[in-house]
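Novice: Sequence:
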Amino acid sequence: MGMCATYRYLNDENLKELKSYYEIEDNISEEIEDSYEEVELSLDIDKMWDVLHFVFTGGRCLEPIKNAPLSEAVVGGHSISDGAEFMAYTEKPKIKEIVFALDCFDMTKALEKFSIKECKTADLYPNIWDDEEEVGEIKEEIMDCFQGMKEFYHNILEANGNVLITIC
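Residue numbering for the sequence shown follows the numbering used here, beginning at 4 and increasing consecutively.
A portion of the hints provided could be inaccurate.
[Stated by the list, open to error] Only pairs whose alpha carbons sit at most 16 angstroms apart, straight line, appear in this in silico EDC-like list of lysine to aspartate or glutamate: (1) 97 with 161; (2) 153 with 106; (3) 123 with 134; (4) 19 with 94; (5) 50 with 94.
In short, the hints are calculated from the structure, not lab data. Since the structure is predicted, the reported quantities are computational estimates derived from the model, not experimental observations.
Taking the hints into account, I'd like the entire structure generated from these sequences.
Specialist: Below, the structure is given as structure tokens:
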């Protein structure tokens with residue numbers, strides 16, 4: 004099956020519960036806390052999370068790169084160690100930066116320079132970097148994931164929400 008990335012809307016109350024469970028200091032103000040509503044937003048980019056991070060940043064995504072909105076778009080701003088799966092969250096104040104960074108990123112230009120050999124050298128997940136004939140399909144899948152991610156984060160910004168990311 005493999006390791007798939009899923010992104011979900013997280014309201015302030017659920018974020019507070021998550022932080023409490025993992026004993027993370029919570030800085031959500033009471034004023035904001037009362038303003039949540041339940042929204043169903045999610046994105047599944049399947050196995051392309053590592054290569055998407057690589058295209059955005061030039062590096063693997065073992066940990067989020069601090070103050071790098073494109074890195075945070077893929078792997079969140081705050082990781083939570085759970086052992087069995089990777090979990091992270093991004094709080095709503097960062098969402099606007101992520102949306103701006105995604106809107107400004109020229110994926111078409113990035114894919115012109117895309118190299119399967121670089122992906123293989125970087126040992127990116129999933130291990131599909133042996134077949135040069137598949138590069139067109141891989142580029143198309145990366146573009147689809149990018150477009151889905153842009154739409155998802157725009158929707159999160161509009162809903163004034165936080166994001167929970169799981170990779171398992």
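Novice: Does each hint hold? Answer for all of them.
Specialist: Now the hints, each set against the structure:
1. Taking the CA atoms of residue 97 and residue 161, the gap is near 13 angstroms; set against the 16 angstroms cutoff, the hint holds.
2. As the CA atoms of residue 153 and residue 106 are separated by approximately 7 angstroms, the hinted pair is consistent with the 16 angstroms bound.
3. Pair hint residue 123 plus residue 134 holds up; C-alpha atoms about 10 angstroms apart against a cutoff of 16 angstroms.
4. Taking the CA atoms of residue 19 and residue 94, the gap is near 11 angstroms; set against the 16 angstroms cutoff, the hint holds.
5. The hinted pair formed by residue 50 and residue 94 fails the criterion: a straight-line CA distance of about 24 angstroms is larger than 16 angstroms.
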